[in-house]
Amino acid sequence: MLIYEYEENSEPIPKLEGVELLKALIEEDNLSPQYFLEIFDSEKVVLDVLQGKRKITLSEAKKLMNFGSLLI
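Letter 50 of the sequence shown, counting from 1, is numbered 397 in this note's numbering, and no numbers are missing.
Hints may be right or wrong, so weigh each one.
[Claimed, not checked] Pairwise CB distance ranges (calculated):
id	residue 1	residue 2	range
1	L384	E354	31 to 39 Å
2	E352	E375	23 to 31 Å
3	M412	E352	27 to 35 Å
[Claimed, not checked] With a straight-line cut-off of 35 Å between C-alpha atoms, the simulated DSBU-like cross-links for lysine-lysine are:
id	residue 1	residue 2
4	K402	K391
5	K370	K400
6	K410	K400
7	K391	K410
8	K362	K410
9	K362	K402
10	K391	K362
11	K410	K370
12	K391	K409
13	K370	K409
14	K400	K362
15	K370	K391
16	K409	K362
17	K370	K402
If you are wondering where the hints come from, they were derived from the structure by calculation, not from laboratory data. Think of the CB as a built atom: it goes at the ideal place given N, C-alpha and C, for glycine as much as any other residue.
Let the hints inform the model, and build the full structure from the sequences given.
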């Protein structure tokens, strides 16, 4: 019963994807763009994505979502 009450009274965890997930990971965990080199080709690509100069590809989005779930 306590778990149910807690879940009913707490705010749901937002489901973040793409750039929002990348920004949240960087901000919440104090990560640098270099931390994401396994997902993106270079630090410049990470910065371009963060600045809206480049979109995240489907492949990168999938890797980023898996990466985010590993940090939780």
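Consistency of the hints with the structure:
L384 and E354 have their C-beta atoms about 37 Å apart, which keeps the hinted 31 to 39 Å range intact. Range check, E352 to E375: Cβ separation about 27 Å, and the 23 to 31 Å hint holds. Distance hint for M412 and E352: a CB-CB separation of about 30 Å, consistent with the stated range 27 to 35 Å. Straight-line distance between C-alpha atoms of K402 and K391 comes to about 13 Å, which keeps the hinted pair within the 35 Å bound.
Annotation: proposed proximity of K370 to K400 holds, straight-line Cα distance about 15 Å (limit 35 Å). Between K410 and K400 the CA atoms are separated by roughly 20 Å; this keeps the pair inside 35 Å, and the hint holds. Annotation: proposed proximity of K391 to K410 holds, straight-line Cα distance about 18 Å (limit 35 Å). Note on K362 and K410: the hinted pairing holds, with a Cα-Cα distance of about 16 Å set against a maximum of 35 Å.
Annotation: proposed proximity of K362 to K402 holds, straight-line Cα distance about 19 Å (limit 35 Å). Proposed proximity of K391 and K362 is supported: the alpha carbons are some 26 Å apart, at most 35 Å. Our distance criterion of 35 Å between C-alpha atoms is met by K410 and K370, whose separation comes to about 15 Å. Simply put, K391 and K409 have alpha-carbon atoms about 20 Å apart, close enough for the 35 Å limit, and the pair holds.
Annotation: proposed proximity of K370 to K409 holds, straight-line Cα distance about 15 Å (limit 35 Å). Of the pairs offered as hints, the one joining K400 and K362 holds, with about 23 Å between alpha carbons and a cut-off of 35 Å not exceeded. Distance check on the hinted pair: K370 and K391 sit about 15 Å apart at the alpha-carbon level, within 35 Å; holds. Taking the CA atoms of K409 and K362, the gap is near 14 Å; set against the 35 Å cutoff, the hint holds.
Distance hint between K370 and K402 is fulfilled; the C-alpha atoms sit about 13 Å from each other, no more than 35 Å.
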